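Enquirer: Below are the chains, spelled out letter by letter.
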Amino acid sequence: AQKITQTQPGMFVQEKEAVTLDCTYDTSDPSYGLFWYKQPSSGEMIFLIYQGSYDQQNATEGRYSLNFQKARKSANLVISASQLGDSAMYFCAMRDATDSWGKFQFGAGTQVVVTP
Amino acid sequence: DAGITQSPRHKVTETGTPVTLRCHQTENHRYMYWYRQDPGHGLRLIHYSYGVKDTDKGEVSDGYSVSRSKTEDFLLTLESATSSQTSVYFCAISERADGMGGYTFGSGTRLTVV
Numbered sequence: 533a534q535k536i537t538q539t540q541p542g543m544f545v546q547e548k549e550a551v552t553l554d555c556t557y558d559t560s561d562p563s564y565g566l567f568w569y570k571q572p573s574s575g576e577m578i579f580l581i582y583q584g585s586y587d588q589q590n591a592t593e594g595r596y597s598l599n600f601q602k603a604r605k606s607a608n609l610v611i612s613a614s615q616l617g618d619s620a621m622y623f624c625a626m627r628d629a630t631d632s633w634g635k636f637q638f639g640a641g642t643q644v645v646v647t648p
Numbered sequence: 116d117a118g119i120t121q122s123p124r125h126k127v128t129e130t131g132t133p134v135t136l137r138c139h140q141t142e143n144h145r146y147m148y149w150y151r152q153d154p155g156h157g158l159r160l161i162h163y164s165y166g167v168k169d170t171d172k173g174e175v176s177d178g179y180s181v182s183r184s185k186t187e188d189f190l191l192t193l194e195s196a197t198s199s200q201t202s203v204y205f206c207a208i209s210e211r212a213d214g215m216g217g218y219t220f221g222s223g224t225r226l227t228v229v
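Protein sequences, first through last, are from chains A and B. Numbering of the first sequence is given in our numbering, commencing with residue 533 and proceeding in unit increments. Numbering of the second sequence is given in our numbering, commencing with residue 116 and proceeding in unit increments.
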């Protein structure tokens, strides 16, 4: 069963604006990790940000922040001050602590295009 | 230098031929994974390994087999390639299996089956 849902297949955002990418997840495990990865047109997968289920504060990494709403099972990525280089596919992923082998579940991805 | 490399980076093969993709790591990580990426599906797990000779199936394992005879190498084999296996294949490694550890990905292999 699909555990990660990204409802936005594609988005356009203007340079210097903020953009929010939606991600909802489903798990019964109280301990889990949430991740966002960026995939530019070159194809590599780049780790952006991590949020643990027990973390009290929302994760931030530079211009990236994760809006973590545990009760709603939501882990939205916010990119502030968008740059042309932010144009890429973005994947939300989850890893349950009860999965002994550390398997990830990925969402279908959101394609972001930043326009001048 | 990259701690994980995939080979080949690109391959075109004919339907019915066997194909082997290689993932090589220099990080001595225990956990290794093969995913395929297709539009609209994100990344889906094919097979994974939790040690030498310890492997198991993921959600889309039909038509694929794997082997791990050394910690550093994880091979994915398509026994008889079909057009539905045209995809981008990613290998990933992880030092830990709990919720906190992330993946390091290889650069991917673009496979086309004609």
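A few of these clues could be false.
As a list, the in silico DSS-like pairs of lysine-lysine whose alpha-carbon atoms are at most 25 Å apart [to be verified]:
1) Lys635/A x Lys602/A
2) Lys602/A x Lys548/A
3) Lys172/B x Lys185/B
4) Lys635/A x Lys172/B
5) Lys535/A x Lys635/A
6) Lys185/B x Lys605/A
7) Lys605/A x Lys635/A
8) Lys168/B x Lys605/A
9) Lys172/B x Lys535/A
10) Lys548/A x Lys635/A
These aren't lab readings, by the way, just hints derived from the structure by calculation. Given the structure is predicted, the values throughout are model-derived calculations rather than measurements.
Enquirer: Would you check the hint for Lys172/B and Lys535/A, treating anything up to 25 Å between C-alpha atoms as holding?
Expert: Answer holds: Lys172/B to Lys535/A is near 18 Å, not above 25 Å.
Enquirer: Would the hint linking Lys535/A and Lys635/A be met if the CA-CA limit is 25 Å?
Expert: Roughly 12 Å between the alpha carbons, so the hint for Lys535/A and Lys635/A holds.
Enquirer: Take a quick look at whether Lys635/A and Lys172/B sit within 25 Å of each other, Cα to Cα.
Expert: holds, 11 Å
Enquirer: Between Lys185/B and Lys605/A, is the straight-line Cα distance small enough, at 25 Å or below?
Expert: violated, 39 Å
Enquirer: Is Lys172/B within 25 Å of Lys185/B, Cα to Cα?
Expert: At roughly 19 Å apart (the allowed maximum being 25 Å), Lys185/B and Lys172/B satisfy the hint.
Enquirer: Do the alpha carbons of Lys605/A and Lys635/A lie within 25 Å of each other, as the hint requires?
Expert: Holds, at roughly 19 Å.
Enquirer: Compare the distance between the alpha carbons of Lys548/A and Lys635/A with 25 Å, and conclude whether the hinted pair is satisfied.
Expert: With Cα atoms ~36 Å apart, Lys548/A and Lys635/A exceed 25 Å; violated.
Enquirer: Assess, step by step, whether the Cα of Lys168/B is no farther than 25 Å from the Cα of Lys605/A, and give holds or violated.
Expert: violated, 37 Å
Enquirer: Is the straight-line distance between the alpha-carbon of Lys602/A and that of Lys548/A 25 Å or less?
Expert: violated, 29 Å
Enquirer: What's the verdict on Lys635/A and Lys602/A, does the C-alpha distance respect the 25 Å limit or exceed it?
Expert: holds, 21 Å
The structure does not agree with the numbered hints 2, 6, 8, 10 stated previously, though it agrees with the rest.
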